[in-house]
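2 protein chains.
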Amino acid sequence: MQKKKASTKNTARVINEKPIILITNDDGVTAPGIAALVEVAKQFGTVVVVAPETPQSGMGHAITIGKPLRLNHVKLFQDVEAYQCSGTPVDCVKLAVDKVLHRKPDFCFSGINHGSNASVNVIYSGTMSAAMEASIEKIPAVGFSLMDYSFDADFSLAQQVVHDVIHKLLKGEIPKKGLYNVNIPKIAEQKYKGLKACRQADAKWSENFVERIDPTGKKYFWLTGEFNNLDKRKDTDVWALNHGYASIVPVQYDLTDYDLLSKMLGE
Amino acid sequence: MQKKKASTKNTARVINEKPIILITNDDGVTAPGIAALVEVAKQFGTVVVVAPETPQSGMGHAITIGKPLRLNHVKLFQDVEAYQCSGTPVDCVKLAVDKVLHRKPDFCFSGINHGSNASVNVIYSGTMSAAMEASIEKIPAVGFSLMDYSFDADFSLAQQVVHDVIHKLLKGEIPKKGLYNVNIPKIAEQKYKGLKACRQADAKWSENFVERIDPTGKKYFWLTGEFNNLDKRKDTDVWALNHGYASIVPVQYDLTDYDLLSKMLGE
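Chains A and B supply the protein sequences, listed in that same order. If you use the numbering used here, the first sequence closes out at 665, no skipped numbers anywhere. If you use the numbering used here, the second sequence closes out at 665, no skipped numbers anywhere.
Honestly, I wouldn't trust all of these hints.
Since the list gives no way to pick out one identical chain from another, each pair is judged satisfied if it fits inside one copy or across any two copies.
Stated by the list, open to error - Simulated crosslink set (PhoX-like; lysine-lysine; CA at most 20 angstroms straight-line):
id	residue 1	residue 2
1	Lys594	Lys566
2	Lys594	Lys584
3	Lys602	Lys632
4	Lys536	Lys502
5	Lys602	Lys575
6	Lys465	Lys497
7	Lys661	Lys536
8	Lys630	Lys594
9	Lys575	Lys502
10	Lys473	Lys617
11	Lys566	Lys536
12	Lys416	Lys569
Because the hints were derived from the structure by calculation, they are not lab data.
With these hints in hand, go ahead and build the complete structure from the sequences.
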């Protein structure tokens with residue numbers, strides 16, 4: 399059983415014996431993926447949702463500093479307090495802590511993203527940036543992503559993985575004070591082999607902008623790209639996902655390259 | 399002397415014996431900081447500028463995937479080919495490689511940012527995200543930031559530091575295949591103590607959204623915050639900057655927390 403947290407600023411609606419779980423995403427508050435995550439997380443604690451009102455894929459760790467933010471109550475999830483925010487996924491976490499919960503939640507879960515955030519995608523991902531923002535605040539956080547970009551993606555295996563990860567986090571079988579990037583393969587449930595702790599694969603996108611001419615005769619460009627895994631070893635998230643596992647990569651926001659630093663310091 | 403690079407796709411304008419230096423920023427192509435960087439970089443190679451047409455501070459590693467991008471030629475810098483792009487700093491680097499240079503530049507420099515990108519600011523920074531995007535493409539890259547947010551900031555010390563860093567990079571005194579976050583203190587030149595290799599300080603922003611009511615009676619929020627350095631050791635960028643040094647932090651885009659991964663794997 400969770401201990402009651404000491405806080406003078408708790409709102410009445412979120413005071414109880416269960417952990418407070420903040421949920422956000424980057425596909426927007428109406429995306430099926432966040433509904434799938436809420437459904438599982440509700441079994442473990444009191445869920446509060448603060449998510450973007452519009453899709454924010456590829457927003458990385460963007461924050462809104464040049465304009466004001468709006469926050470509006472929505473009724474989208476049964477028995478769950480939920481808000482849509484005009485900002486980015488990172489804005490959602492900041493606003494949730496300061497203006498909705500008036501305290502830090504016990505956990506922050508982001509997703510379930512429609513599409514992979516494995517490998518270098520973690521850098522571009524609004525889903526993972528929201529989880530990282532929580533981690534900077536020392537809140538245990540996980541980003542969940544399913545390797546299926548479609549709106550009608552089947553989240554049943556993903557929900558099973560989410561349940562497994564949250565259960566292990568609460569039990570301490572996965573270290574609580576971490577930040578995790580969990581990706582789930584798009585495979586049939588009977589082919590699923592389990593959760594695998596991995597490192598981030600060294601991969602990149604090869605860009606190929608499509609060049610077009612608009613009706614007024616001016617050029618414009620659309621970003622397209624191809625994912626290239628440069629990393630053939632078996633301890634990566636990409637390998638795990640290609641071999642029937644869900645991947646869990648522990649992530650940090652200290653970007654210092656310590657090997658290179660030692661070299662520079664002549665150590 | 400630099401070796402001539404083999405490439406079948408070089409544009410006639412950028413074929414020469416000097417290194418090709420791509421310059422971008424997040425304050426926008428008209429910001430004084432990018433002009434200060436161009437002025438110094440021109441002494442070391444052929445500079446091409448591709449920078450956002452509007453300020454993009456706090457954009458993190460955002461990319462534009464839901465709408466097209468525009469790229470327009472501008473005449474802002476003497477003897478330097480320059481373009482403004484409607485996208486984010488990361489978009490600028492992607493477009494520059496694919497549609498302007500048609501090859502990878504030899505170096506990518508981003509900045510000089512009006513304001514600090516030390517410590518955890520590296521995560522939110524468009525300046526550093528542009529440099530990181532270049533690094534993912536295996537292009538040696540540096541983001542430069544001056545700890546002065548004002549438009550009329552004095553860039554003379556910053557230019558001295560930029561010159562020093564580029565010189566050391568070209569000589570190999572700073573390892574060439576790296577990604578670096580360089581911050582310059584706002585101090586008088588005679589008080590400057592030199593360049594110091596550091597790690598990223600563990601710090602965070604404490605948010606405090608200002609809550610206001612718009613003319614139609616609806617609530618809105620403005621992000622404000624206070625920077626809190628939780629890290630009191632002397633090997634950090636924040637310590638260096640507070641003690642008269644410019645900081646150089648080697649940065650990596652592999653976000654794996656290897657210590658935590660070992661623990662999870664029971665190693």
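Hints violated by the structure (numbers, ascending): No hint contradicted; all consistent.
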